[in-house]
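Q: Work out the full structure, taking the sequences as your base and the hints as a guide.
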Amino acid sequence: MVEHEPASGGRARAKALAAAVDAARRRAGLALPEGAVAAWDRLCRHVADWIAAELAPGRLAPWLPVAFGFGIVLYFTAGREPALWAALGLAALGIALTVWAHRSVIGLPLALGFAAIACGFAVATLQTARLAHPVLAYPTWRAQVTGFVESREERARSDRIVVDVATIAAPRMRVKPERVRVAVRKGTAPAVGSFVGFRAHLAPPLQPLRPGGYDFARGMYFQEIGASGFVLGHIRTLPAPHAQGWRLRYAAWLDSLREAINQRIHAILPGDRGSIASALITGKRNAISEAVREAFYVSSLAHVLAISGFHMALVAGIVFFVIRALLALSPSLATSRPIKKYAAAGALVAGSFYLLLSGTGVSTQRAYIMVAIVLIGVVLDRPVLTFRTLSIAAFGVLLFAPQAVTQPSFQMSFAATLALIAAYQYGWPWRPDADSSAAARVALWGWREIAGVALASLVAGLATTPYAAFHFHRLAPYGVLANLMAMPVVSAWVMPMGILAVVALPFGFDAPFWRLMGHGIDWTVFVAQWVARLPGAIGHIHAFGTGPLLLASLGLLLVCLLRTPLRWSGAVLGVVAALMAVNAPRPDILISSDGRSAALRGADGRLAILHSGRDTFALKDWLAADADPRGVKDKSLRDGVRCDTLGCIGRLGDEWLIAYDMSPAAFAEDCTKTRVVVSRRSAPGTCAAKLVDRNVWRARGAVALRLEGDRFIETDARPVGYERPWSHPPPDLANKRAKRSQDATPKAKDLEVGD
Numbered sequence: 001m002v003e004h005e006p007a008s009g010g011r012a013r014a015k016a017l018a019a020a021v022d023a024a025r026r027r028a029g030l031a032l033p034e035g036a037v038a039a040w041d042r043l044c045r046h047v048a049d050w051i052a053a054e055l056a057p058g059r060l061a062p063w064l065p066v067a068f069g070f071g072i073v074l075y076f077t078a079g080r081e082p083a084l085w086a087a088l089g090l091a092a093l094g095i096a097l098t099v100w101a102h103r104s105v106i107g108l109p110l111a112l113g114f115a116a117i118a119c120g121f122a123v124a125t126l127q128t129a130r131l132a133h134p135v136l137a138y139p140t141w142r143a144q145v146t147g148f149v150e151s152r153e154e155r156a157r158s159d160r161i162v163v164d165v166a167t168i169a170a171p172r173m174r175v176k177p178e179r180v181r182v183a184v185r186k187g188t189a190p191a192v193g194s195f196v197g198f199r200a201h202l203a204p205p206l207q208p209l210r211p212g213g214y215d216f217a218r219g220m221y222f223q224e225i226g227a228s229g230f231v232l233g234h235i236r237t238l239p240a241p242h243a244q245g246w247r248l249r250y251a252a253w254l255d256s257l258r259e260a261i262n263q264r265i266h267a268i269l270p271g272d273r274g275s276i277a278s279a280l281i282t283g284k285r286n287a288i289s290e291a292v293r294e295a296f297y298v299s300s301l302a303h304v305l306a307i308s309g310f311h312m313a314l315v316a317g318i319v320f321f322v323i324r325a326l327l328a329l330s331p332s333l334a335t336s337r338p339i340k341k342y343a344a345a346g347a348l349v350a351g352s353f354y355l356l357l358s359g360t361g362v363s364t365q366r367a368y369i370m371v372a373i374v375l376i377g378v379v380l381d382r383p384v385l386t387f388r389t390l391s392i393a394a395f396g397v398l399l400f401a402p403q404a405v406t407q408p409s410f411q412m413s414f415a416a417t418l419a420l421i422a423a424y425q426y427g428w429p430w431r432p433d434a435d436s437s438a439a440a441r442v443a444l445w446g447w448r449e450i451a452g453v454a455l456a457s458l459v460a461g462l463a464t465t466p467y468a469a470f471h472f473h474r475l476a477p478y479g480v481l482a483n484l485m486a487m488p489v490v491s492a493w494v495m496p497m498g499i500l501a502v503v504a505l506p507f508g509f510d511a512p513f514w515r516l517m518g519h520g521i522d523w524t525v526f527v528a529q530w531v532a533r534l535p536g537a538i539g540h541i542h543a544f545g546t547g548p549l550l551l552a553s554l555g556l557l558l559v560c561l562l563r564t565p566l567r568w569s570g571a572v573l574g575v576v577a578a579l580m581a582v583n584a585p586r587p588d589i590l591i592s593s594d595g596r597s598a599a600l601r602g603a604d605g606r607l608a609i610l611h612s613g614r615d616t617f618a619l620k621d622w623l624a625a626d627a628d629p630r631g632v633k634d635k636s637l638r639d640g641v642r643c644d645t646l647g648c649i650g651r652l653g654d655e656w657l658i659a660y661d662m663s664p665a666a667f668a669e670d671c672t673k674t675r676v677v678v679s680r681r682s683a684p685g686t687c688a689a690k691l692v693d694r695n696v697w698r699a700r701g702a703v704a705l706r707l708e709g710d711r712f713i714e715t716d717a718r719p720v721g722y723e724r725p726w727s728h729p730p731p732d733l734a735n736k737r738a739k740r741s742q743d744a745t746p747k748a749k750d751l752e753v754g755d
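Per our numbering: the sequence shown = residues 1 to 755.
You can trust all of the hints, since none of them are fake.
EDC-like, lysine to aspartate or glutamate: derived pairs with alpha carbons at most 16 Å apart:
hint, residue 1, residue 2
1, Lys176, Glu224
2, Lys690, Glu708
3, Lys186, Asp159
4, Lys690, Glu669
5, Lys673, Glu655
6, Lys340, Asp381
7, Lys186, Glu153
8, Lys690, Asp710
9, Lys635, Asp604
10, Lys633, Asp615
11, Lys186, Glu154
12, Lys620, Asp634
13, Lys690, Glu714
14, Lys176, Asp164
15, Lys341, Asp381
16, Lys690, Asp716
17, Lys620, Glu290
Derived by calculation from the structure, the hints in this document are not laboratory data.
A: What follows is the structure in C-alpha cells.
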C-alpha cells in the first residue's frame, strides 16, 4: 500500500515531540559516548518521521471512536453514579477546548482525544439516566403480575418471555418493576402482544457470581428489566385494558413473521438442524442443544451461530450478485442504465430486512452499518475507506447503546473486523493478480481460497483470543482447522440455500432448499463435534482482571491502526498482557452473592466445594474461571470436606480450617477453632475468625478471599461505597445493622431473605 507523504502539521508535531524527548535527556544529565549520541540522534530522527507519518491528516480519525469507547469504559468503572450535569459539563469543556486549540499542531489532537473521552462518558451517563427504572430489591414467591408480552425466547429446556408490567402485587413489595423476564414451561410461551396474567417467583437481577465476573444485573438494567424469575402454574390470557402501542404492534408483527419462518424450518428440519438453520435466518439460536452449542464453542465455530458481518456480507453480496447478473442479461439495460447501483440498492433493502428479521443484535448492527456504508458508497459513486467505515459503525453502535462496550459480542466482533481489515490493507497475501493469465488464475483459485480462509481464521482468532479468554476462560487450539473445514461450506452452500428458501417461502417451494441447507449444516455440526473431540481441543485459562485485557486491546489497536514500525510496540504490549494474564493470582476462597455456595482451594491446588445450594450456576462459573475442567457432579470436588447437620468444614491448603455453618449452634465452636467462617445466617457480634455471614454477602455480593502470608486479602463484587442503579445494597440494610449493633443478644432464628 502506498504511503502518503506526511503533512506539515504532523511533521511539526513529531519534531516537537522529538525535541522534547532530547531536551528531557539533556536536563536529566545523561552523558552518552559519541557513538551512542549519534545513534540516539538517528533513532530520534527515525521516530520523528514515524510519528509524523502517524499524525498525518486522516491518520488520527480511527482513534476517535477508540477514545469515545474508552470514555464509556471509564463511566462503568466509577464507584458511584456520576452526576449528569457534571458529565455533560465535562463534554462541553472538551468541545470548547477543541475549538480553542484548532490551530495548535499538538493541542488539537490532545483536545480532540479529551473531548471524545468526555463525550463517551457523558453519553453513557445520559443513557443510564434515560433508562432509569425500578429494580426489585427482595425476592418474592407470590407476585401476581399482569401485562403485555413484549418478546419471547425459545430455549432448549424452557421458554422465556419479557412482560411490560401493567399491575404487580406481592406481600411487602416496596419497589415495583416496570418490566420482568420470566421462564415458562416449554411450548407455553404466549404470543408477543398478548395481555397475560400469572403468578410468579421473582428475584432481583443476578449479581456477579464472583468478583470480576460478568455483571448480569447491569445487562438487565440496560434492557430495562427490573426482575427475573419463573411462572408458577399456568399463564392466563386476559382482555387488554387498552390498545397496543405502535411499538408493540410492530414487535408482534415481526415476532409472528420470525416465528412463522422458524416453525416452517423446524417442520422440514427437526432437531438441531432446524435450530441452527433458524439461528442463521431468524436469529433464534437458544433452542440449540447444549452438546451441539458446546461443540461449536470449543471448535471456534460459535461465530457461525451469531449473525455478524460474515452473514450480513454474504446476504448482501449474494443479492447484489444475483440482481446485477439478472439485469446484465439485457444488453440495452446493461449499457444504458447504472445496473451496479440498482444492485447495490436491492442489496441494501435485503440487508435491512435481514437486520430486522435476525433480531438486531450488536454484532448484526455493526455489520449492517458497515455493509450499508459500502452499498451507499456504490450508489453515490463514493470511495469507501474501510477503517473509516469501521469507525462510523463503532460510533453508531456506541452512540445509541453505549453499554455494548462491556459485552463480549461487541468486543469480539469489532476486534475480528479490525484485524481482518488491517491484514487486508497492510499486506494480505494471495490477492488476485490482474496481470496473470486467466488459466493461471483458475488454476490457483482453489489454493488462494483455502489460504484466504485459513489466514482469515488465524487473524480473527488471534484478535479475539484475549476476549474469549477473559469472558469464557477458554482457548481454541484447533480453530483454524475447524474454520478451514466448515466455512467454505457455510459460505458457498448453507447461506445461499437459506436465502433461496426465504425467497421461495411465499410461493410454497421452499422445502427443497431447506433440505439442501440441512445437508450443509450436517457437515458443519460434524466438523464442530469432530474437532471438539480432538486431544487438547479445550484450552482452559483461569480468570484474570481487566488490566491485561485493556493492555491487550491497546496492543491490538497499535498493531492494526499504525502503519510505521511503531506498530510492533503493540505486539510487545500483547506479550506483556499475556504474561500478566497467565500469572494473575487466583482466589483461595469463594462465596456466592446469596451465601448458599462456598468453595476453597485444597491441598492439591484445585477448588473443593465447601457447600452448595440447589442452583449450581455459580459453581460452574467458578470452575470455569479456575481453568478446572471438572463438572459440578464430579465426586473429587468434595475431597477433604466433611459435613454434618450443623455445617461443613474443610482445610485450605494443608493448614487452615474453613467452616460453613448451617446452624446457629455451630458458631460458638467454629468462631474459635477455624480461620474463616461462612454462613447464610447472621453470626453473633463477636467471632475471632474471619467472618462472611449474611450481613457481609448481602452488603457486598460475592466475596473472594486470597491468602497472602497469614492474612486474607478480600475482594468484593460490590465494594463498600459502590452504588450504581443496577447494583446497590438492600435499602433497609443500614437500619438493620444499626439495630443489631444495639442488641447484644444474638437471635437463634435467622431472618428470611425476603424480610
